[in-house]
Structure formats: structure tokens, C-alpha cells
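Colleague: One line per chain: the protein sequences are Y and F, in this order. Per numbering that gives the first Met the number 0, residue 0 is the first one in the first sequence, and the count goes up by one each step. Per numbering that gives the first Met the number 0, residue 0 is the first one in the second sequence, and the count goes up by one each step.
Take the hints with a grain of salt, since some may be wrong.
[Claimed, not checked] What follows is a set of in silico ranges between Cβ atoms, one per label pair, in the way DEER data are often shown: (1) PRO62(Y) / LYS285(F): 27 to 37 Å; (2) PRO229(Y) / ALA160(F): 21 to 31 Å; (3) ARG23(Y) / ARG182(F): 33 to 43 Å.
[What the hints assert, rightly or not] Far from chain Y, by Cβ distances over 10 Å, these chain F residues were calculated: (4) ALA25; (5) GLY123; (6) VAL167; (7) GLY211.
These are computed hints drawn from the structure, not numbers from a lab. Glycine residues also receive a C-beta, built at the ideal position from the N, C-alpha and C atoms.
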Amino acid sequence: MKIAVCVKQVPEAAHLRIDPETKRLDRSGEGALNPFDAHAVEEALRLKDATGGGEVVLVSMGPAKAQDALRKALAMGADRAVLVSDDAAAGADLVATSYALAKALERESADVVLFGQQAGDSDGAVLWAAVADRLRLPVVSQAAEITHGDGKLRVKRQTEFGYDVIETPLPAIVAVSDAINEPRYPSLKGIMGAKSKPQETLSLSDLAVESDRRGQGGSRTEVYALNEPPARGDSRRIDDDGNAAQAIVDFLAEKRLV
Amino acid sequence: MSTLVFLEHHGNELLNGSLGVLSKAASLGDTDVAGVIAGSGVRSLADEAGKFGAAKVYVAEDEQLEAPLSQPRVDVLAQLVRDRGIDTVLFGNSVLAADVAAGLAARLNAGLNWDLTDIVQEDGRLVGKRPALQDSVYVDVGWTSEPRLALFRSGSFDPNATGGSAEVEDVQVTLEDFSTAARMIDQAHEESEGPSIEDADVIVAGGRGLGGPENFTLVEELAKALGGAVGATRAVVDAGWYPYATQVGQTGKTVSPKLYIACGISGAIQHKVGMQSSGLIVAINKDPNAPIFEFSDLGVVGDVHEVVPKLTELVKQRKGS
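The following block holds chain Y by itself, in its conformation from the complex:
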């Protein structure tokens, strides 16, 4: 089975900031594989094994250095990586991103396309549904379990009301929850091997993305202003030195909650 996994490089948590000039996320610092995407990579590797082989290809959009984050996913066991990287893609919102990503996925014609449940930087948790509509493929999100049989996927998903079971023909798109598995740590052999795996970089022109559908210009949303958050009031912090339980009780008593 051929499985494409859409992954993203996100800034390290400590470097998460919005550039006040461009009002975009600052992507100049250190980056890492979006932790939610590691679960999608793990599930892809598991599905590949369960279906007797095939290929796991990573598909990503981001700055050129996002290849570093892709290498981590290659070290986990993915077979190759495709990165869509283009200065003209900067500022792309859901409309522009889903369009370019769909073009990249079209080239791959995978049986299954997997996503992680959200982006650790933008908290976006919707991209799969937009990509599915562009590719005209069925989509299931919040997957807690995926099984394959008879050319179909059976997906157990969690919603606000409990667990649903949904069956979909292939090809299909599935977004997995971060509770679906524990991503493996890359082995030393995996890390060494990743260096020789194919990593391709494509421009938006390579994907025939029209100039008016790229980046900010191809987007339909904008950012007007950045503001300070409202204060949450006093927040206290203590390290337990053996007396934390008493401190909690005192705090609750002060607030008349015990």
C-alpha cells in the first residue's frame, strides 16, 4: 500500500512568536517535526507493515530547512520526502495551502493520505478536510484506530458523543488523533539510513500552481492586528517541598471552596 503522510515543520515551542512586521509566524529559528505528525508517520509505518509492504512518502510545505524535520520522519522509517518550498508560498492560508498541497498529493496518487490531528504552531486542525474536497476523496478525522481489509479502511473516530465507526473505500484521507499510537524513536540505524533517502524539493511552478493562487495573494484571510491577551489575574506557582497539599488547602479556604 502506498501511503502519503502530510507533515509540517513547526518552530520549537520556545521560539514560537509572531513577527509584528509581517504579522506572520516567525519561521526563522530552530524548527522541529510537528509532534502531532509523528503519530501520523507511525500509523503509516504500521499500515504499511500490516498490508505487506509498499511505500510511505512524506509530503510537506515549508521553508527549505524543513528538510531537517522531514529527515527525522525518514529516520522513523518513511521511505522518501517531498517538500514544496517556494518564497512565493509565504503567508498562505487554508485556501492557498490546501490548493498547493492537493497538487503535490495528486502527483503521488497514494492509496491513503494521513494527517496529524493539528499543527502545533497555528493550532490548525482542518487542513485534511480542505485537501479532501480539492482531491474529491472521502475523509475521516479524529481517528483513534485504523484497520485495513477488502480494499477499505475501517476507522474508529472519537467525537463529542463517543466513538463512531466509519468505513471508507480507497483512496481516502484520514487525520489521526495523538492517542492512536506511541510514535517510535528513530534508531541509530534509522538516523544513519535517513541521510541517503530521497528528499525532493519542488517549487510552486513545478506543481503548476497559478501565480494568483500562491501565498498571501492566493489567500482569502488576513491579519489586522496583534493585541495583548487579557490578564488572567493572579497566578501562583509553588514547588512541592512536602507542604504543597497544605498550601492548596489554604488557597481553597481563602477562596471559600473548602
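We have chain Y; now place chain F onto it with these hints.
Modeller: Then chain F, alone, in the frame of chain Y:
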């Protein structure tokens, strides 16, 4: 303005989240507010929508809309937006609504702003309010073209029954082949046994930091001492440690007790959105960098296995005195 609100339903009732967004839409003024209900045997829900501010309710009835799957609903909304000159579509966040909103954004090449907590008219334009980066910055966002799509964080607006009535219009829709390819095999039904944690004044919740299902007794005993209910994170529910009915978070219950004590919970956004409006939040976690400390009133860096039993004893002593 012509606004459409996606009205989600479950168990033959419209969801509070949808009704809250509907009330918000009606309060924006200068706008025709319509709702859309898609399902099978759902026509009777339309009257309810009228009471919360919808002047019109479009009802799409089809057997293929019975299961809560997003893609056929994208077909319904896309057709309505195109045929009825709708310029703004609003959604209250849910697993279903988020997927409908994003599918619609792609179908119509329409801007979608998500995770909004409010929307206002400013200088003659619509502005969405969006907390970002763990709510450390509040971003004003907008749209460069119509239709505008907005997805609101759960619990952003309370439903406000104004007692109006809606004109009901049935709509016929053509569904795309790919939209009906996925099929519901077994649909979740709300578990009804036991009191709901949504009504509790005190909730003591446990996460993966407890170390194992057996340690939930620590949480249960503290909850009992405080006269509260037990909550859980998605991670421990999916791991089978505790029942789904107790799950707090994006795909669980949204709660706002007077006191919320988080034990061994990191505070992932999935959990946070379900409990951040609690009156007072106390967090106990051994990781000083856990995000939960960012939105706790009292944060204790310590081992839950030591702090929680001591706390239970002290609460019991205090109540006994």
C-alpha cells in the same frame, strides 16, 4: 449582510454550541440570519432555531444526511451559499463542524478563520478575535473576499432565546459521489447513566501523569472528599483507563465548575478548550514546563502520587472539623 449558521444536532436536539453562534449572529445586527439543518427526520428542529434568532431555516432532508459525516454537508452548504447570495457562514467548533467548514472553504475558495472567540463589526468590516500561541497573543483577523467563513471555539457564546419564529424552507440538494463514499457503520450514542460532569461544581481530573489506571483512585478519593466529580483527559480515555463519559476537552465535555483540579495533566489544547472557563484552576504536575501552568490560578510542581493523597487527607480533616 446575509449570514448562514450551521446548526448541528444530536439525539434530536440542536447543540448549544450551534445555538450560541446563532444568537451571536442575530446580535450583530444589520444582517439576515438564516440557519441550516441537514439530516434525516430533522424538520421539527427548525422551530427551535427560530427562538434563538434565525429568521429563516433551510432544512435539507435526505437519508444520506442521517449520519453526522461532513462531506455531504459541504454539498448542502455550498449550494446554499451559491444560490442564496450568502456572504458569511458561521460554525461552532466540533469534529463535524470543523470538517464541514474546511471542506466548504476549499469548495468555494473562501477564507476560513478558526478558533475565534468573538466576532465584531469594526470600521464597517467584520473582525474575528483569535487567541493564538497558547493564548499568549490575541489576533484580529479578517477576510479579503466573500463568502467569509468563521469557526468559533466551543463555548464562545451562550444561546439566547429571544422567542422569535423562523420561516422554514426545504432545500433539495445534489450530493457528490465522493461525498457519500464513506459510510457510518456504528454511530456513537450518548451514554446516559450516571450524573453528568457538566453540572458538577467541583471537578478533579486525571491525566497520563497518574501513571496507570489504578491510580485513578487517588483522583476519585479527592473528588469524593470535595463533593465533586471525576474528569479525565482524552489520552487516558483512549488508553482505556477511564470511561469516555468523563472526558473533558475538545472531543469530550466542556465544563466550567467553580473549582477544577488537574492532576498529572499537561494541558494540551485539546483538554484546555474543555475546561479553561472554570472558576478556579489548580494544577499539580511534576513537569514545571507543562502548559497547564500557563492558565492555572495555582500551579504546584510536584508528584501527584504524593500531593494528592495528602490533599485528600487535609480536605477530610477540614470538613470533619
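Colleague: Run every hint past the structure and note whether it holds.
Modeller: Now for the hints, and whether the structure bears them out:
no. : hint                              : verdict
1   : PRO62(Y) / LYS285(F): 27 to 37 Å  : 35 Å, holds
2   : PRO229(Y) / ALA160(F): 21 to 31 Å : 28 Å, holds
3   : ARG23(Y) / ARG182(F): 33 to 43 Å  : 40 Å, holds
4   : ALA25                             : 24 Å, holds
5   : GLY123                            : 13 Å, holds
6   : VAL167                            : 26 Å, holds
7   : GLY211                            : 15 Å, holds
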